[in-house]
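Those sequence lines, one after another, are chains V and C. Quick note on my numbering: the first sequence kicks off at 41 and runs consecutively. Quick note on my numbering: the second sequence kicks off at 41 and runs consecutively.
Errors might be hidden in some of the hints.
It does not matter which identical chain is used: a pair holds within one copy or between any two.
[What the hints assert, rightly or not] Calculated cross-link-like contacts (lysine-lysine; reagent style BS3-like; alpha-carbon spacing at most 30 Å):
1. K581 with K551
2. K570 with K500
3. K377 with K415
These are calculated hints, taken from the structure and not from any lab test.
Number of protein chains: 2
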Amino acid sequence: MSQPSLWAVPLGGLGEFGMNMLALRSGDDMIVIDAGLMFPEQELLGVDIVIPDVTYLKQNKHMLRAIVLTHGHEDHIGAMPYILADLNVPVYGTQFTLALVRRRLEEHGLLDVARLRQIAPGQTTEIGPFQIEYLHVTHSTIDCVALAIRTPVGIVIHTGDYKIDPTPVDGKPFDLHAFARYGQQGVLALFSDSTNVERPGFTPSERAVVVRLEELFRAAPAKVVVSCFSSSIHRIQQVIDIAGSVGRKVGLLGRSMVDNVEIAHDLGKLRVPDGSLVRSQDLRTFDPRRLVVLASGTQAEPMSALSRIAVDNHRLLSLAENDTVILSARIIPGNEKAIFRMIDHLFRRRVLVYYESGRNAPIHVSGHASQEEMKILLQLVRPKYFVPLHGEYRQLFQHAALAQQVGSVSGQVLLLETGRPVEFTADGHAYEREPVAAGRVMVDSGSLEEVEEVVIRDRKHLSEDGVVVPIIVIDKHTGEIELSPEIVTRGFLPAEDGQETLARAREVVLKTVEGSSSEEKMDWSVIKEKIRVDLKRYLNKHTSKRPLILPVILEV
Amino acid sequence: MSQPSLWAVPLGGLGEFGMNMLALRSGDDMIVIDAGLMFPEQELLGVDIVIPDVTYLKQNKHMLRAIVLTHGHEDHIGAMPYILADLNVPVYGTQFTLALVRRRLEEHGLLDVARLRQIAPGQTTEIGPFQIEYLHVTHSTIDCVALAIRTPVGIVIHTGDYKIDPTPVDGKPFDLHAFARYGQQGVLALFSDSTNVERPGFTPSERAVVVRLEELFRAAPAKVVVSCFSSSIHRIQQVIDIAGSVGRKVGLLGRSMVDNVEIAHDLGKLRVPDGSLVRSQDLRTFDPRRLVVLASGTQAEPMSALSRIAVDNHRLLSLAENDTVILSARIIPGNEKAIFRMIDHLFRRRVLVYYESGRNAPIHVSGHASQEEMKILLQLVRPKYFVPLHGEYRQLFQHAALAQQVGSVSGQVLLLETGRPVEFTADGHAYEREPVAAGRVMVDSGSLEEVEEVVIRDRKHLSEDGVVVPIIVIDKHTGEIELSPEIVTRGFLPAEDGQETLARAREVVLKTVEGSSSEEKMDWSVIKEKIRVDLKRYLNKHTSKRPLILPVILEV
Numbered sequence: 041m042s043q044p045s046l047w048a049v050p051l052g053g054l055g056e057f058g059m060n061m062l063a064l065r066s067g068d069d070m071i072v073i074d075a076g077l078m079f080p081e082q083e084l085l086g087v088d089i090v091i092p093d094v095t096y097l098k099q100n101k102h103m104l105r106a107i108v109l110t111h112g113h114e115d116h117i118g119a120m121p122y123i124l125a126d127l128n129v130p131v132y133g134t135q136f137t138l139a140l141v142r143r144r145l146e147e148h149g150l151l152d153v154a155r156l157r158q159i160a161p162g163q164t165t166e167i168g169p170f171q172i173e174y175l176h177v178t179h180s181t182i183d184c185v186a187l188a189i190r191t192p193v194g195i196v197i198h199t200g201d202y203k204i205d206p207t208p209v210d211g212k213p214f215d216l217h218a219f220a221r222y223g224q225q226g227v228l229a230l231f232s233d234s235t236n237v238e239r240p241g242f243t244p245s246e247r248a249v250v251v252r253l254e255e256l257f258r259a260a261p262a263k264v265v266v267s268c269f270s271s272s273i274h275r276i277q278q279v280i281d282i283a284g285s286v287g288r289k290v291g292l293l294g295r296s297m298v299d300n301v302e303i304a305h306d307l308g309k310l311r312v313p314d315g316s317l318v319r320s321q322d323l324r325t326f327d328p329r330r331l332v333v334l335a336s337g338t339q340a341e342p343m344s345a346l347s348r349i350a351v352d353n354h355r356l357l358s359l360a361e362n363d364t365v366i367l368s369a370r371i372i373p374g375n376e377k378a379i380f381r382m383i384d385h386l387f388r389r390r391v392l393v394y395y396e397s398g399r400n401a402p403i404h405v406s407g408h409a410s411q412e413e414m415k416i417l418l419q420l421v422r423p424k425y426f427v428p429l430h431g432e433y434r435q436l437f438q439h440a441a442l443a444q445q446v447g448s449v450s451g452q453v454l455l456l457e458t459g460r461p462v463e464f465t466a467d468g469h470a471y472e473r474e475p476v477a478a479g480r481v482m483v484d485s486g487s488l489e490e491v492e493e494v495v496i497r498d499r500k501h502l503s504e505d506g507v508v509v510p511i512i513v514i515d516k517h518t519g520e521i522e523l524s525p526e527i528v529t530r531g532f533l534p535a536e537d538g539q540e541t542l543a544r545a546r547e548v549v550l551k552t553v554e555g556s557s558s559e560e561k562m563d564w565s566v567i568k569e570k571i572r573v574d575l576k577r578y579l580n581k582h583t584s585k586r587p588l589i590l591p592v593i594l595e596v
Numbered sequence: 041m042s043q044p045s046l047w048a049v050p051l052g053g054l055g056e057f058g059m060n061m062l063a064l065r066s067g068d069d070m071i072v073i074d075a076g077l078m079f080p081e082q083e084l085l086g087v088d089i090v091i092p093d094v095t096y097l098k099q100n101k102h103m104l105r106a107i108v109l110t111h112g113h114e115d116h117i118g119a120m121p122y123i124l125a126d127l128n129v130p131v132y133g134t135q136f137t138l139a140l141v142r143r144r145l146e147e148h149g150l151l152d153v154a155r156l157r158q159i160a161p162g163q164t165t166e167i168g169p170f171q172i173e174y175l176h177v178t179h180s181t182i183d184c185v186a187l188a189i190r191t192p193v194g195i196v197i198h199t200g201d202y203k204i205d206p207t208p209v210d211g212k213p214f215d216l217h218a219f220a221r222y223g224q225q226g227v228l229a230l231f232s233d234s235t236n237v238e239r240p241g242f243t244p245s246e247r248a249v250v251v252r253l254e255e256l257f258r259a260a261p262a263k264v265v266v267s268c269f270s271s272s273i274h275r276i277q278q279v280i281d282i283a284g285s286v287g288r289k290v291g292l293l294g295r296s297m298v299d300n301v302e303i304a305h306d307l308g309k310l311r312v313p314d315g316s317l318v319r320s321q322d323l324r325t326f327d328p329r330r331l332v333v334l335a336s337g338t339q340a341e342p343m344s345a346l347s348r349i350a351v352d353n354h355r356l357l358s359l360a361e362n363d364t365v366i367l368s369a370r371i372i373p374g375n376e377k378a379i380f381r382m383i384d385h386l387f388r389r390r391v392l393v394y395y396e397s398g399r400n401a402p403i404h405v406s407g408h409a410s411q412e413e414m415k416i417l418l419q420l421v422r423p424k425y426f427v428p429l430h431g432e433y434r435q436l437f438q439h440a441a442l443a444q445q446v447g448s449v450s451g452q453v454l455l456l457e458t459g460r461p462v463e464f465t466a467d468g469h470a471y472e473r474e475p476v477a478a479g480r481v482m483v484d485s486g487s488l489e490e491v492e493e494v495v496i497r498d499r500k501h502l503s504e505d506g507v508v509v510p511i512i513v514i515d516k517h518t519g520e521i522e523l524s525p526e527i528v529t530r531g532f533l534p535a536e537d538g539q540e541t542l543a544r545a546r547e548v549v550l551k552t553v554e555g556s557s558s559e560e561k562m563d564w565s566v567i568k569e570k571i572r573v574d575l576k577r578y579l580n581k582h583t584s585k586r587p588l589i590l591p592v593i594l595e596v
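Kindly produce the complete structure, drawing on both the sequences and the hints.
Okay, here's the thing in C-alpha cells:
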C-alpha cells in the first residue's frame with residue numbers, strides 16, 4: 041500500500057482579498073475549510089458577488105466529507121448557499137457561525153437539507169482521517185476558531201482570521217496555551233492570515249475604542265448614531281455598555297443590525313440589560329440626549345439605514361444640527377467615494393461626524409493581526425512548513441518574508457496561490473504540485489446565476505461608448521439586400537448631435553453592402569463583419585469613439 | 041454712481057476634489073483664478089475628464105480680462121485647452137506653469153492664438169481694477185504662487201495649493217514675510233486650500249524622503265526604479281542628487297517624465313550634472329548596480345512606463361529578482377486595485393517593492409498643508425472673511441471649523457460651494473448671493489466632446505445587464521407587421537444559455553404585437569413602448585435581469 045500523504049489545495053483567498061477556501065485531502069478523504077465570497081471590483085460590471093470555482097471539489101465529490109468553518113464573516117461563509125446546493129456535505133462551525141449560516145441558507149431555501157454540526161472551542165471532532173481540535177482565537181466578530189488538524193502525515197494548523205487581543209470584550213482570550221502545546225508537540229504546517237502584514241506593531245485590542253466612544257457619547261449635545269459592521273458583536277456590546285454608563289438607551293436600525301443583535305442575544309453572547317433598548321418606533325420621540333442608535337451601513341450601501349438617514353429619507357430617524365454620527369468601521373478601499381458622499385450629506389445637515397482620519401484615540405480597530413502578532417504566532421507554533429493565507433499576492437509575499445526573518449520555520453516557507461496545491465509526504469517533504477481547476481465565479485445575485493467573462497467584457501465595452509446596431513434587411517424571396525439600412529444606438533451620442541453622424545453612417549453601411557461581391561452577400565457572417573469593420577473605422581474617425589457595433593441581418 | 045463691490049464666484053473645486061476655478065468680479069471687470077480638471081469617478085462610464093461648466097464666464101464674456109494660474113498641476117490648469125477655445129483671454133502664470141500650459145495648448149492646436157504672460161514671485165501686475173502680487177509658496181511642484189489681490193473693496197488673498205516647507209529642495213521658502221505684511225495691512229478675505237484639513241500636525245518637508253531613499257539606493261543589490269509624479273520636480277531633483285551621491289546614474293522612462301525633466305532643466309529649475317544621465321537605449325546594458333531609473337506611472341495608468349515594466353512588456357527595461365521599485369507617490373483613492381495589481385506583478389517577478397504602508401521613514405510626502413500649517417496661515421493673514429477652497433464638502437466644513445477655532449478671523453467664515461457666489465461690499469459686509477450656472481462638464485478626451493448625462497445613464501444601464509434589441513418589421517405596402525420578430529443581445533446572457541430565453545422572448549414580442557389594436561399598431565412609439573414593457577417584465581421574471589431594451593421597428 042502506498043504511503044499516506046496530505047494535499048493542501050487552495051481554492052480561494054491566496055492572491056485575492058476574500059472568497060477564502062482551502063481543501064485538505066489525504067487518500068480518499070477530503071475536507072474544505074471555509075467557503076467565502078468576495079465583493080467584486082467595480083470593473084466587473086453587473087456582478088454582485090464572486091465565489092470560488094469549485095470544479096475541483098465537484099470532480100472529487102466522492103471524497104468530500106465536510107466543510108469546516110472558522111468564523112461567520114462573509115469572506116468565510118458567504119459562498120455556502122451556492123456551494124451546498126451542489127455539494128451537500130456536513131458543515132461544522134461554532135454556535136454563532138452556524139446561526140449566521142442558517143440565515144443565509146434559509147434565504148436560499150436550503151436550510152432543510154443542510155446538515156449543520158455545532159462545535160465549540162476546546163472540542164475535537166473526527167472526520168475521516170482528520171482529527172480536528174477547535175482553538176479559540178480573537179477577532180472582530182465572536183465565536184472564532186483556529187483549527188489544529190491531526191492528519192496521517194502530521195499536525196496542520198489553520199489560524200482562520202485572528203488577532204491576539206489580550207483584553208477581549210467577551211473575556212475569552214486568544215488560546216495561546218493550545219498553540220504553545222502544539223508548538224511543543226511539533227507542527228507540520230501552519231496556514232495563517234496575512235491581511236495586515238503591511239502593518240507594523242500590534243493591532244490594538246477591541247477595547248481600545250472605549251475611551252473615545254465614551255468621550256464622544258458624553259460630549260454629544262443630542263442624539264448619537266454609531267454605525268459598525270453588524271457582525272462586530274464586540275463593538276455592539278461596547279456601545280450598549282458605554283451607553284448604559286453615560287445614561288443613554290440604545291435603538292437599532294437596519295435589518296442586519298437588528299437580526300445579528302437578536303441572534304447574538306438569543307445565544308447569550310450579547311449582554312443587553314433589561315430596559316436598555318428603545319423600540320424603533322419610539323426613536324423620533326425619545327429624548328435625544330439620552331439616545332444612542334446603532335445603525336448598519338458603514339460602507340454607504342445604497343439602501344442601508346445610515347445612507348437613508350444621511351439624506352433624511354429614513355422613516356424612523358432624522359438628524360439635524362448637534363446630532364452626532366460615529367463611523368466605527370474601516371473605510372474599505374473602493375467604497376471611499378460613496379462613504380465620503382454620505383459624510384458630506386451629514387455635514388450639510390450640520391451633523392457632527394467622526395470617522396477614521398488618523399487623529400486622537402481610535403473609534404475603530406482592525407480584527408487582524410499586525411506584524412508583531414504574526415511573529416509571536418510563528419514563534420509559538422514553530423512549524424516545519426509555513427503557508428501564508430488570506431491576502432493579495434504582495435501580502436502573501438511579505439508574510440513569507442516576515443516568516444523567513446523570524447526564523448522559526450524549520451523547513452520551508454511555501455508561497456502558494458489559489459489553484460496551486462502542495463503535497464506533504466509521509467517522509468516529511470513538501471512538493472508543489474500541478475495546478476488544479478480554480479478561479480473566480482461571478483454571480484448575479486438577482487438571478488443566482490453565473491456571469492461569464494465574455495458577457496462582462498461586452499458590458500465593459502458597452503459601458504464605454506455605448507452600442508450601435510446597424511440593421512440590414514434581406515428579401516427572402518429575391519435574396520436581395522434592401523437599400524434601407526437602419527441604425528439604432530444607445531449610450532453613444534446624444535440624439536440631437538448624432539443625427540448627421542448616423543445619416544452618414546447609414547451611407548457607409550450601404551456602400552459596404554453595395555461594394556460586396558454577390559458571394560460575400562450570400563455569407564451573412566462576412567457581410568456582418570465587413571459592416572462592423574467599416575462602421576468602426578468611420579465612427580472612430582469622425583467621433584473618436586469605439587462603441588460596440590452589433591450588425592443585424594434580417595430576412596423578411 | 042454705485043459703490044464698488046467684489047463678487048467671488050466659485051466655479052469649481054468647492055465640494056469636489058479637482059477642477060479648481062474661482063472668478064473675481066468688480067464692476068464690469070472679471071478675472072478667473074485657475075482652470076483645472078478632475079478625473080472622473082469610475083461610475084462616469086466612458087468619461088475621460090471632467091471640467092467646470094463655464095456658462096457663467098460665457099454669459100459675462102465681455103467682462104473677462106484674464107485667467108491667472110497659481111501652479112501647473114492638472115487640477116489647476118487641465119481645463120485650459122477646453123476653456124481657451126471659447127474664451128481666449130490673456131493667461132498669467134509663472135515660467136514653469138506656462139511651460140506646462142504651452143504643451144497642453146500645443147496638443148490642442150491652440151498655442152498660436154493663446155496670449156501667455158509670464159510672471160514671477162514678487163512681481164505685481166495690474167488687470168483692470170485688480171492689482172495682483174504673486175507670492176512664492178511651497179508645494180509638491182515648483183514655481184507655485186499665491187495671489188494677493190488689491191481690489192476696489194480691499195485685499196483678497198488666494199493661497200493656491202501650498203504647504204509651509206521650511207527646508208524646500210530648491211532653497212526657496214514659503215514667503216512668510218509677504219503674508220505677514222498683508223496681515224499687518226489688513227486683508228478683506230482669505231481663500232485657502234483645504235485638501236489636508238483632516239491631517240493633524242505638520243506636513244513633512246519635501247526633504248523628509250531623503251533618508252529613506254538614500255538608504256534604499258545604497259542597500260539595493262541591483263537596479264532601482266523610482267516612480268513619482270512627473271510634475272514633482274523636487275522629488276526628481278532629490279532622486280538625481282541622491283543617485284549621484286551613492287554612485288548611480290539616472291535613466292528616464294515615460295513620456296511625461298522625459299518631457300518634464302527636459303522642460304525643468306531647460307528653465308534652469310532642475311540641476312542635472314553632466315554625465316549623470318543614462319540614455320534610455322543603454323538602460324538594458326548599463327551596470328544595474330550603478331543605475332536608478334525614474335519612471336512615470338505611479339497610479340498604474342494602463343500604458344504607463346511602470347505598468348509595462350511590471351508585466352515585462354517594456355522595450356527598454358526588464359526587472360527581475362533583486363531589482364528594487366520605489367513608489368514615491370500617494371496611492372490615490374479609486375486607483376488602489378490597479379496599483380496593487382501592478383505591485384503584485386512586481387512581487388511575482390521577485391522585485392523588492394516599496395510603497396507607502398505606514399512604516400519606517402517616508403518615501404513620499406504630501407504637498408498640502410496639514411492643520412498646524414493652516415493655523416499658522418490664519419494667524420499670519422488674520423483676514424476679515426475666510427473662505428475654504430479645494431475640497432469635498434466635509435473638508436471645507438472642517439477647514440471652516442478649524443478657522444473658527446483659531447479665532448483670528450475678525451468677521452465671518454463663509455462656507456461656499458461651487459456655483460454659490462459671495463459679494464463683498466464697500467462698507468465691509470459680505471452677502472451670499474443667488475447661485476449662478478455652474479457644475480461639471482464631462483469630456484470624452486478622444487473626441488474632446490461633452491458627454492451628456494443621459495448618455496452616461498444609458499451606458500450605466502448597458503453596463504449592468506447589457507442590451508436587448510427586439511426588432512419587428514412592417515411591410516410598408518400593406519402596413520402589416522411581419523410575424524418574424526428578431527432579437528439581438530449583447531452583455532446579457534451567454535449565447536448558449538440564452539437561446540431558449542430568447543426564443544420565448546420572441547414569442548412575447550409576437551404576442552404583444554398580435555394583442556395590440558390596429559390603432560396601436562399605427563403608432564410606432566406606442567408599439568415600441570408596449571414591447572419594451574412586456575419584454576422587460578418577461579426577462580426580469582425569468583432571468584432576474586434588467587437589460588436595456590431598445591425596440592426597433594423597421595419598414596421594408
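Outcome of the hint check:
no. : hint           : in the structure
1   : K581 with K551 : within (17 Å within a copy, 42 Å between copies)
2   : K570 with K500 : both (23 Å within a copy, 29 Å between copies)
3   : K377 with K415 : between (35 Å within a copy, 28 Å between copies)
No hint from the list above goes unmet by this structure.
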